[in-house]
Each structure stands twice: as C-alpha cells, then as structure tokens.
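Bring the two chains, given one by one in their own frames, into a single complex with the hints.
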Amino acid sequence: MEPIIKVENLWHIYPTGNVTALRDISLDINRGELVGVIGQNGSGKTTLVKQFVGLLKPTRGKVFIDGEDTAPLKVQELAAKVGYVYQNPNHQLFARTVQAELEFGPTNLGVPEDEVAERVEQAIEFFGLQDLRDLHPYRIGFPLRKLVGMASIYTMKPDIFILDEPTTGQDNVTTRKVYRLIGKLRDEGATVLCVAHDMILLAEVVERMLVMRDSELIMDGTPRQVFSNDEIMASTHLTPPQITSFSLRIRKDKQNLGDVVLSVNEMVKLATN
Amino acid sequence: MQGVVIPISMVPGNSTIHRMNPLPKLLWTIGILVISFSTRNIAVLGGAFFVGLLLVFYSRITKAYVKVAMILFPISLTLITLQSIAPAFPRPWTEIVGFGPFTIYQEGIYSGISLLLRIMAMTTWAMVTIMTSHPSDIFTSLKKIGMPYVLNFVFVMTLQLIPILQNEFGTVLNAQKSRAMKGSGFGAILPSMVPVFVGAIERVQQLSISLESRAFGSSGQKTSFRQVRMAFSDYFALLLGFIVTGAVTYWVIVDKSLDWSQSIVFSPAFAITLVLGATIGFFVFALFAIRAALKA
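Residue numbers (the numbering used here), protein chains in the order written: chain A, 6 to 278; chain B, 37 to 332.
By construction, these hints were calculated from the structure, which means they are not laboratory data.
Ideal placement from N, C-alpha and C gives every residue a C-beta, glycine not left out.
Relax, there's no trap hidden among the hints.
What the simulated footprint calls covered on chain A by chain B, stretch by stretch (three residues with Cβ under 8 Å from a Cβ of chain B suffice, anywhere in the stretch; the number is not a length):
| hint | region |
| --- | --- |
| 1 | 85-91 |
| 2 | 102-116 |
| 3 | 157-165 |
Computed Cβ-Cβ distance ranges for the label pairs, DEER-style:
| hint | chain 1 | residue 1 | chain 2 | residue 2 | range |
| --- | --- | --- | --- | --- | --- |
| 4 | B | GLN241 | A | ASP29 | 43 to 49 Å |
| 5 | A | ARG101 | B | TYR286 | 55 to 61 Å |
| 6 | B | LYS103 | A | HIS242 | 35 to 41 Å |
| 7 | A | ARG101 | B | VAL133 | 46 to 52 Å |
| 8 | B | MET106 | A | ARG101 | 32 to 38 Å |
| 9 | A | PRO20 | B | GLN298 | 50 to 56 Å |
| 10 | B | GLY49 | A | LEU140 | 46 to 52 Å |
One chain only, chain B, in its complex shape (with noise of 0.2 Å):
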C-alpha cells in the first residue's frame, strides 16, 4: 500500500521556509493565486512555476512533491488535449491543422500550455505552504488576522484529514486483495472507494460528537496551546510578497503586448506531438496508477 499513498501533509525539515512564520507563505500562495488569475502568459505563469520549484528545493521536500506532481500533471495534461480541440477563447479560433475527426487551434494550444502552468504553479506554491507548515501553526497565524474560529478549523481538520484518509484507502484495498480481487480496471479501485467514502463520512459524523462534547463553538475568548511568532524576516516577507503581487498583478494586466496566444505560432507537426504527447502521457499514467494501487 505504501506505494500509493500521496503525502499532502507537512513534511517535516529545518529550512528556511520551514521556519518562517505560515502567513508570508499563505500570502505567497494566495498571490500566485491572483497573478495567476490575472494572465494566460505562459512566461509570467511558467516563471511563477519555476521559483515555485526553486522553493521546492530549497525546502528540501522534493521527494514528498514529486509523489504528488506525478499525479497531478499527467491529469492537468488532459488541459492540453482538450483545450487544443476546443479553446476557452473568444471565437473566431484560428486552425492549425486537422487531425481525424478533431481539429487543432492555435488558440487552443496556447490556452491549454497557459492552463496547465496555471494549475503547477498554483498547486506548487500551495504544496510549499502546506509542506512546510504544521497545521496548528496555520491555525494559529490565521486566527491572529481574524479567520474565523470555526472556519479555520474546518480549514485545518481538511488537511489533516488528508492523510488520514490515505492510509484508510490502504487498509481498504488491502481488504480486498485479501479477499482476491481482480486484478484490472476501474471495477477493481470501485471496492475500495465505498468503505473509505463510508468511513470518512462517519468519522465527520464522530468528530462533530466529539467537538461538541468538548465544548466546540462555545462563545468567548479561546485561548491558544500553540503559540507562533511573528519576527522580523517574516514581516519582510509578507511585505514583499504584498509588492511582488501588487506589482505583477499590476503589470499583467496593463501590458497588452503579454497577449502571446498569436504571436507564438505553432506548427502542425509541433500541434500533433504535444496533443499526442499529452494524451498518451494521461493514458500511461492513469495505466500505472491503476496498476501501482492494485500492486500486492
């Protein structure tokens, strides 16, 4: 079962970014999220991309991430397979070359490279926060800015809830491997999914018993077990991620000429291998994943 369990939980590490306060990073995530919003730019949102990586591994959680992009990118590949045959772009689209039933638009290409850099930058400055931080720490940083106390709850309880839920859908599939399940298929992962949706649904039902019973949602002040500082470097971080968004952002959205979508121009033979290339790439991966969660 190990083998398929996706870490989304903190690692845990001495980095820099491990030490720094959650909120310069939630704020770094929250800004990626805006300028990614605000371009389809494939070099703004592939630079985003890439320092999202840098801090990868800087912080020293490759490993933990890898298992995770391995899953996300191959399904954020399908983006390009569809977007290249049908574009969210204004029409008129413009056709770079027919391909079976399908044809292949330059706007679609572009859209779907933009969307798929869109979707690793968000996640991977997302994974940075999450894996760099303990989810008390984020409770306490976003409770100190005034989140809601129920809602930061529900925020964190989500995160730890992750992993608890990947190790329940271990347990389950070993179940029924025992029980001599076919090898093949989605029919095969179907047994497996019933009782971990079931379970998690009662685990929500016993939790909600047990924050009740222990006094959840009373009114008044609430004191804090954990406590997280706030130093120095920390607020310059939050202050240049304030500037760095601002002015992106800013940036992004004035300057016209970042509209790259007609003036990169692919070629037909480019065309056919990346949406080949994608396709293929989603096909082998959703393959092995099946084979991978099915592997005694």
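Chain A extracted, bound-state conformation (with noise of 0.2 Å):
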C-alpha cells in the first residue's frame, strides 16, 4: 500500500539567517496510523509537520501526500486532505459563532451546502459542543476554545490530522477527552500526527514516534522502543512518563519482567499476573 506521507531526502534551510532546519529525513508514514513527533524546541518537529500542509516547501528533497508531490500545491490545495490544528486556537478562530467557524473550512473547499451542516452536526456530536454552537468562540474557555480549533478542522474531514501541541494548556479532563478524540479520530480512519512534549500522551495514545534532534530524524520507532533508548532519551534530554521510568528501572535488574511499561494500567496487570 502507498503511504500517505512519503518524505524523501527533505531539507529545509530558512533564508533568514541561513538556518538548517531539516537535514536530510526520509521516512513513510501509512494511511490510518497515529504517529507521536518528539524533541527538544528547535529541533525541527514544526518545520517537519509544516512541509506536509505546504506552509512550507522543501528546500531540497520531497514531500508526497497521497502519492502527489506538495512542491507545486497551494496550501488551500493541500487543506482539503491535510488538517493542521494549531497550538493556540486564537490563531485560528474569528468567527462570531462557533456553528459559523465550523463552517468556515468547508464551505471553502465547495462542500454543499445540506453536507456542510451535516459535518458541522457531526462535529458539534463527536467533540461534545452542543451547549457551545451559538457562542462566541472567545467567550469560552481556552480548553474548549481549544476543541472547536480541532472540531473546525473536523469538519473538513482530511485523510491527515496534524495536532500542534493537542494538550497543552489544557486541565486534566480536557486532556484527557483529546487521549479518546485523537484515537476515535484514528478509528475514523484518519491518519493522525502530535507534534507534543506531554510524555503520557506519547506513551498511552500514538502508536510510532519519530524522534527529532538537531534537525535530523534520530529515531523511528514505537514508545516502547523509544522510552527504553537511554542513549536517545538522554541525547535529547526527553523523560518518559514516571511509570514508564519506574518500569525501566526495575527491569534493570528483573529482565524477565516483560515489555516496558507505558500506563498505570498496564503496571497494574503486570504486578497482578
């Protein structure tokens, strides 16, 4: 099967300044996979995530989605397949309702008109914006202001789903109805990516993480693989969730203890068998 994102040998260097921010990454990623983008600040994941909407454009190498290759496409062109949500929703909201700013996104790409009003009736349904469709989206608070900045997206239904930083800033039951958002989303079908620093995130929810460092790829790999990679870890100064830490330890002397661990739940099955 064709991957949906295909990266081929993508540089990217920033004409202010001259700075290198992509060196040299190829990587695949398959259709309904959910896949973590990890490192330190400035090693890259954003300018990575960035080539894949067309917000930016390789410097030197190439960028497929869907088997075509972005350097010629318009970001508008690009939006009805590739759904990027950005960290902070007010970069994003404008409208005066949150009903309209749902509609936004698909009466662009020429979705009609009975259509659109289903996707928004779906969207409202799947994130749990009912009391919230006739507001203003800056009267509510930042974490819902925050779901409707991905139910916005929702609506445009792409095959891709690239989520800057989904929890931050977020209280801990909001975070935790992202955790069950982003995987219904893959359930959907759709292909998923987190740009994110939250550990628990990585560790319970994506299934493959891409490791940055540097503006290189260092690792691709599932969390366990990378949460049981000192040298990684260290090098990129990344801890892993604090059960996962405790399991790691543990296992330093009991080598018969199985896969490392990446949730309290699996810890509790672990210790109860």
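Structure representation (structure tokens):
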C-alpha cells in the first residue's frame, strides 16, 4: 500500500539567517497511523509537519501527500487532505459563533450546503460542543476553545490530522478527552500526527514515534522502543512518563519482567499477573 | 508569510547614522515635521525627501525602507487623485480640464503633489530614525531630556509591538490558509484581522498586568540598564538640526514667493496622466498587496 505521507531526502533551510532546520529526512507514514513527533524546542518538529500542509516548501528533497508532490500545490489545495490544528486556537478562530467557525473550512472547499450542515452536526456531536454552538469562540474557556479549533478542522474531513501540542494548556479533564478524541479520529480511518511534549499522550495514545534532534530524524520506532532507548532519551533530554521510568528501573534488575510499561493500567496488569 | 512582513523596526548596522545618539535623529525628524507643515513648496518638500533618501542609502537600510515605501507610496498616491478633484485649498480654484463627471483643478494637482512629498519626506526621516536606533536607546535618550517615564514606555512598546503583530498576522494568515481560505477580495483578509486584533488586545492586557506586577509606575528614582552617551558629534548634529530647522522654517514662512501653486501651470495632458497614473498605481498596488498577502 502506498504511504499517505512520503518524505524523500528532505532538507529545509530558512532563508532568514540561513538556518538549516531539516537535514536529509526520509520517512513513510501509512494511512491510519497514529504518530507522535517529539524532540526539544528547535529540533525541527514543526518545520517538518508544516511541510505536509504546504506552509513550508522543501529546500531540497520531496514530500508526497497521497502520492502527490506538494511542491507545486498551494496550502489551500492541500487543506482538503491535510488538516493542521494550531497550538494556539486564537490563531484559527475568528467567526461570530462556534457554528460559523465549523462551517468556514468546508464552505471554502466548496462542500454542498446540506453536507456542510451534516458535517457540523457530526463535529458538534464528536467533540461534545452542543452547548457552545451559538457562542462566540472568544467567550468560551481556553480548553474548550482548543476543541473548537480541532472541530473546525474535523468538518473539513481531511485524511491527515496534524495536531500541534494538542494538550498544552488543557486541564486534566479536557486532556483525557483529547486523548480519547485522537483515538476516535484514528478509529474513523484518519492518519493523525501529534507534535507533542506530553509524554503521557505519547506513551498511551500514539503507536509510533519520530524523534527529532538538531534538525535530524534520529529514531523512528514504537513508544516502547523509544522510551527504553537510554541513549536517545539522554541525548534529547526527554524523560519518559514516571510509570515507564519506574518500569525501566526495575527491569534493570529483573530482565524477565516483560515489556516496558507505558501506563498505570499496564503496570497494574503486570503486578497482578 | 515572510513576503508580507514589513520590518518597521531597527535594522542592525554600523553606519555613522546607526552609531549616532538617537536624540539628534529625533530632533531631525521633528525638524522635518515642522518644516513640512510650514510649507507647500514642492521644491522644499522634495529636497527634504531627497536628503532623507540619501540618509537611507548611507545607513544601508535601503531594503527595509523600500518594503515600507512600497506600501506607503501607492497609498499616498490617492492624495493626488482626491486632491485634484477636491483641493484642500481656499477657493476659487482654477479649472484645468473636465474629466468624466469630475473637474481637475490646478490647485488640486499642486496640493496633491505637495501632500505626497510631505508624507514621503516625514516618513522617510522617521524611518531613518527608527531603523537605525535601538528602541531602548531611544527610550533612554528621551528619558534623559525629561520625557515622562510612562509616555516614553508607551512609545517604545508601540515600536516593539509592530514586528510582533506582523509575525502574528503571518501566523494567523497561515492558519486560515490551512483551512482553505478563499483567495480573493478583502473578505479573505478579514478572518486574519479578527484574531490579530483580539490577540493584540489580549497581549496589551497581559502586558499591563505584567508591568504592574513588576513595579511599573512606582515612585522614586529609576535606574537604566542601557547607557547612551552624547558624543561631541552628537551635540554638533543636534545644533545643526536646530539651526537648519529654524532657518528653513523662518524662510518658508517669510518668503511669500515660495507659493508656487499658481506659478507652476499644469497642462491638461499632464493633469490627466498624473491623476490616472496615481489612481491606477493605487489599485494595482491594492491588487498586488492582497495577492501577496494571500500567496501560499
């Protein structure tokens, strides 16, 4: 099966200051994968994912979305396939009501009126925004505003969702809700990429992790492989979730403890067995 | 986005103008302001504009200046169009030619050209000052001459907010493009303006809280981290600024022969070409500006 995102020897050099942000990145992401992109600030995560939606173009190399080279395509053209949810919802939202906000994307794509209405209803149901429909997006709290930002992309029905720090600034309830929603998006067949520093999200929700350091992709593996790689974790100054660290520590003495644990539930299961 | 960022902030450099104390530069700018509002003479205003351009080249800020001028000049061209048909001049007006439903007047053409030169002269000198001075140096220098601390701070913060808001606009524009925003007309820009204005208001509110929580507005003597000294050459430039401003202002007010509004006669062909050129120039610019803003 052809990968939905294919990156071939991608370089990106910002003209201002001649900064190399991506060095020779190659990777494939298959349809329906749930991928986390991690690394320190300035490692190239955002530069990489902005290539997928066409906000940045390769300096060298190629990026293909669903087999199509992104170089000649405009952001507006790629938007039908790739939805980019910004870290700060205030950058996205402008309309007078949540409903109008949700209608904006699909109407830009030329979706027929009745289908727009249907998609808006689906989004309101999916994200639990029933009580917010007629409110101004700036009059609702930040956590819910962030959900509206995600919902405004959901109505465009892209094949790929790119979520930039989806849980930053969220309270615990909304964070858990976001985890569930990401899983639901994948269940609906979408490919989801999360740029994140939230290690619990990465451990419990994503299935594959891309680790960036100094503009390079230094590891591509499952959360268990990444978190148990001491060298990678040390060199990127990343720390696994506490329960994973605990599991890694006790595995050093007891090799027969099985897989690295990624969640409290897994630890409970391991302990009770 | 980078294409629509207009850098109205300091351009790093090491020219004599960069090394100067900001005070003489501010005085020069105020001097040009005074002279510009004291005369309509196009030679004097054109001269001030020309000297401002020489300073731009000399300070090596041409690239940044051109980006600003590319926006400002076409907008200022509308003055020629509007003034030619409705001059800001005491009546009676001298008719040059009828142009469709409008009449183009001699005083209007003259007034339009002089207003255009006035704006370009003032902004060019202001750009030289802003683009060659660190905001903190301007702040410190103004404080030294007794400018109230609060006013001073407002002035400097305004300068610092401009590039921040420009970047914000770029980010917001990208966010709308990635929602397949339609690519034509003013309506396309609107979705980006709302978040930028809301963001600006929120930023100012947060800034005011942040300032208060760090003792902004407390009484007593304040110290300054950044020290700006006045060299002999700065005093000389300051003195020169005073003398030139005083002398030129006196001259343009006293010498009545500098009123060229009647002595320069514009032919009908020139008037129509100028008005059409200015109008087309503005609309072409508006089209390019919208296209540049929406370019993916």
